[in-house]
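K.L.:
Sequence:
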Amino acid sequence: MNKKKTQSLPKKREFEKRDSFKKQEKSSEEIAENFVFGHHGVTEALKSGRGNKLFVLEDARGDKIEQLKSLAQEFAVPVKWVPKQKLDSMTQDAVHQGVVLAITPYEYLTLKQLLSQKKEHSFYLILDSLEDPHNFGSILRTADASGVDGVIIPKHRSVGITPVVVKTSTGAVEHIPIARVTNLSQAITELKEAGFWIFGTDMKGTSYDKWNTKGSVALIIGNEGKGMSEGLKKEVDEMLTIPMTGHVQSLNASVAASLLMYEVFRQRGFESL
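Per UniProt numbering, the very first residue in the sequence shown carries number 1; after that it's consecutive.
Think of the hints as simulated: they come from the structure by calculation, not from any bench.
Where hints are given, some of them may not hold.
Restricting the straight-line Cα-Cα distance to at most 30 Å, the calculated cross-link-like pairs of lysine-lysine (DSSO-like) are [unchecked claim]: (1) 204 with 84; (2) 119 with 214; (3) 226 with 64; (4) 84 with 118; (5) 80 with 204; (6) 155 with 119; (7) 64 with 155; (8) 53 with 64; (9) 155 with 80; (10) 112 with 47; (11) 118 with 210; (12) 192 with 155.
Cβ-Cβ distance ranges computed for the label pairs, FRET-style [stated by the list, open to error]: (13) 212 with 249: 21 to 29 Å; (14) 113 with 215: 40 to 48 Å; (15) 245 with 48: 36 to 44 Å; (16) 156 with 94: 40 to 48 Å; (17) 177 with 266: 16 to 24 Å.
Note that the coordinates shown come from a computational prediction; the quantities given were computed from them, not determined experimentally.
Beta carbons: idealized from backbone N, C-alpha and C, even for Gly.
Whenever a hint applies, use it, and build me the whole structure from the sequences.
P.N.:
Next up, the structure:
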């Protein structure tokens, strides 16, 4: 009996430790869902009607602060002046520029909703388990600038819309339709049925400057460390590569994505201008 009790104690402690970790993880996710910070991110979230309450550093002054206050008033969002410690706590010590906005959680589209907005020559990005919020934010910023029509991300094992993503995107997240799906492979099947050509990125493939971007296309950007998953590689119609002459083996995911997005923009004759 004593032996059993001795063995059961570590299991109980381990369970309590895991339970505590899950609570901390949930708390972090709640913070990520409920706040945006930084001048650009807060401005765009207010304009989109997602603002609930604006927290401003108690001694903050200047034109940008006044503009945010006016915008908050325009959208009937209350403003509260708080000490720096409060803002640091709300943002987990991120660079918040003295402003934090409590928001309604971001509403992702379903793939069906995204496809209902399909144009004659749509261009979608598929992000295969991207993990770095800075990469995601940078990609969204370029996607908005280069006329991408939608972004598709997986629901699991992938970064979602967090305050860091919003800030890095400088608010572009409010302008790019983003669909979140449970299964990327199934999503690609549905895209093909809707008339899309699917392109992947790899060390070997067609040079991106010879890419035929006519029609509706979807481009897969792989994970920062592992690249595209083997399962998705089997789904593509053609692999693309970016020629390199240096010593490094690959480009940062957001840099590679930017080059490819602007190649589509270039080939289509800057139609959005």
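K.L.:
Decide, hint by hint, whether the structure agrees.
P.N.:
Structure-based check of each hint:
{"no.": "1", "hint": "204 with 84", "result": "violated, 50 Å"}
{"no.": "2", "hint": "119 with 214", "result": "holds, 13 Å"}
{"no.": "3", "hint": "226 with 64", "result": "violated, 41 Å"}
{"no.": "4", "hint": "84 with 118", "result": "violated, 45 Å"}
{"no.": "5", "hint": "80 with 204", "result": "violated, 54 Å"}
{"no.": "6", "hint": "155 with 119", "result": "holds, 25 Å"}
{"no.": "7", "hint": "64 with 155", "result": "violated, 35 Å"}
{"no.": "8", "hint": "53 with 64", "result": "holds, 17 Å"}
{"no.": "9", "hint": "155 with 80", "result": "violated, 34 Å"}
{"no.": "10", "hint": "112 with 47", "result": "holds, 26 Å"}
{"no.": "11", "hint": "118 with 210", "result": "holds, 25 Å"}
{"no.": "12", "hint": "192 with 155", "result": "holds, 20 Å"}
{"no.": "13", "hint": "212 with 249: 21 to 29 Å", "result": "holds, 26 Å"}
{"no.": "14", "hint": "113 with 215: 40 to 48 Å", "result": "violated, 22 Å"}
{"no.": "15", "hint": "245 with 48: 36 to 44 Å", "result": "holds, 43 Å"}
{"no.": "16", "hint": "156 with 94: 40 to 48 Å", "result": "violated, 25 Å"}
{"no.": "17", "hint": "177 with 266: 16 to 24 Å", "result": "holds, 23 Å"}
When the structure is compared with the earlier hints, violations turn up for hints 1, 3, 4, 5, 7, 9, 14, 16 and for no others.
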